[in-house]
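A.B. asks: Here are the chains, one letter per residue:
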Amino acid sequence: MLNMNRSMLIKIFGFTGLAALFIAAPPIVSNIYWISVLILTQIYILMAASMRTILLIGHISLGHIGFMLLGAYGSALLVMKAGFPFCMALIVAGFLSGLVGLALGYPFLRVRGIYFAILTLLTSESFRLVAFNWRGMTGGAMGLMGIPSPDAISIPGLGVIDFSTTEGYYYLTLVVICLSLMVLYRLERSRLGFKWRAIREAEKLAQAVGVNVMWYKLVCFAVACFFAGIAGALFAHFQRGLSADASSIFSVLTSIYLLVYIVVGGENKFAGPIIGAFVLSMTSEFARPLEEFQPMMIGGLAIVVVMLMPGGILGFLGQIRFWWSKVLKQETRQGIKG
Amino acid sequence: MNLSGQMIWQGLVNGLALGWIYVLMALGLTLIFGIMNIMQFAHGEIYMMGAYVVYYLTASFGFPLLPATATSMVIMALFGVILDRFLFRRLKGQVIGPIVVSLGLTLILMSSAVVFFGLYERSIPMLAQGSVNIFGSIVPKDRILAVAVAVLLTFCLHLFLKKSKYGQAMVATAQSPEGAILQGISPTKMSALAWAIGCALAAAAGALGGSLFMLGPSMGLLPLIKGLVIIVVGGMGSLPGAVLGGMILGLIDGLVPIIFGPALAALLPLLIVILVLVIRPQGLFGVEHE
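Chains A and B, in that order, give the protein sequences. The numbering used here puts the first residue of the first sequence at -18, with every later residue one more than the last. The numbering used here puts the first residue of the second sequence at 26, with every later residue one more than the last.
Because the hints were derived from the structure by calculation, they are not lab data. As the structure is a prediction and not an experimental result, all values here were calculated from the model. Careful, some of the hints might be misleading.
[Stated by the list, open to error] To give an idea of the chain A side of the interface with chain B (calculated C-beta under 8 Å), a few residues: (1) E106; (2) L199; (3) F251; (4) E266; (5) G281.
[What the hints assert, rightly or not] DEER-style ranges, computed between Cβ atoms: (6) I107(B) with G222(A): 41 to 49 Å; (7) V156(A) with R115(B): 21 to 29 Å; (8) I72(A) with P306(B): 41 to 49 Å; (9) G30(B) with A183(A): 57 to 65 Å; (10) S228(A) with P306(B): 30 to 38 Å; (11) I72(A) with N62(B): 36 to 44 Å.
[Stated by the list, open to error] Beyond 10 Å from chain B on every Cβ pair, some chain A residues (computed): (12) I(-9); (13) F(-4); (14) I16; (15) G39; (16) L80; (17) V111; (18) N114; (19) A183; (20) M277; (21) G280.
The beta carbon of each residue, even a glycine, is placed where N, CA and C say it ideally should be.
Assemble the whole structure, with the sequences as input and the hints as a guide.
C.D. replies: See the structure below:
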């Protein structure tokens, strides 16, 4: 009981501390470059967390970035060509990605696990090439430029928040991403999440007790794609310009990075991808002088974690706590004896 | 767009050559998957390294192209055996581990290529100069030679799997790992063999691709994706399926951009895969498991 309370306390303190840190970050760093880095890190956090949601049903998506691309271009085009307000475009972009995920999930989720990874990889690369080559709609190789930033809003008590500044946009991203993470967390802890994990552990058994396996898998994939679309919309209006060439964020490499974030953080815990994305984004930001050695470092880290530290950072921390409690127990026992 | 018969013919020939390169990639991938149950996402980097080995052998040591390709195949086969021994054999049976390790390997090998070989593109000497006249149309000789080499390698693999003792042992391991062990077939030997053959095929594909097109550190991504798609379309572990899938994808790459434009060419493989999965989830020539 005491132990449980203690771990709850650690969690609560950890989350409030982290939240306070993120809220206080812009005045502390007070440097547009670093605030931009933090915005991108938040977007990566949402991407990694939603990608991990697919892992709950035991599938690995290597094309999550493709759905982010859908959301990014969808939202940008809705605002630019159809005159939608930003908040509407954000939601519609999410639903667009989710619906495409639902439609593609039906053929993709029928086949063996490894096929799903291949097919999502193909999907994201196809989306990228279409965006790269469809000159009339997406600007083709020139890219899509001049995406407007969201309109300023005034909140009673806080004054007017102007989202065209980096600080303003930072807080917008923070709010949207925290809400999304909360929804993902609640979903994982709900009966829906329970069914997802049941499907991963024993698909045949879940089917036998009356879980509509295909439907719940589809819902899981669509939810993950929805949040990828949201992340994409946030990205589009932050960057104000999109391009889909081979070296852009929408390449397959980003999907690989996301998977590495999840695994390094620890894929078994909800906080895993969040911590992995944060730690690795910061590490690679500080390792920027290394330039071309940077991907090498990330790849090497991924291999080391898989071979030596299964469970990632969080798994390792849990291991340390386990050893520590064993040491403590021995000491009490010796204390009792002595 | 002005479409001439010559352009379509050119696209057809290019598509066939590309298709056979993709087939070599797919065969290696499916061989490794069949034995180890591991999908080798770093296969594109093996392709790239194979091409660079050929480049350095021809440019620095003055090897002729075909011996250089053979040497590159041997070197890459050894590299594959090393990868198997020190990384992938330990991950057998895991789900997410091998995927992450092979993707991490992709990052490492790709950035090493940037560091050691540089970002700018290079080219291997052409397989053959000139062209021949078939049915009144001009076909470049190097495309014919590339297809011939790829067909020869595929045929050799077919013979090896069907006729030789080790090939039959590999087929047995793929069909039933436990049954093969009971017959005295060593699973570690088989996995080393699968990696060696798979990586040698990728190196050959890289040499062919590098001599037809250009060399660059990120050249491996496209053939990797095509090889993976071929496996899904043709069915895992099926040689005729791989050949048919390779021809379909190669012809799409060769013909569709000329006729319908690049956007549709990018989307068409995805549509074909979805169509195949809806009709036959196990692939065109695949066998249903479980």
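A.B. asks: Can you give the numbers of the hints that this structure goes against, from lowest to highest?
C.D. replies: Of the numbered hints, 2, 3, 4, 7, 8, 15, 17, 18, 20 and 21 do not hold.
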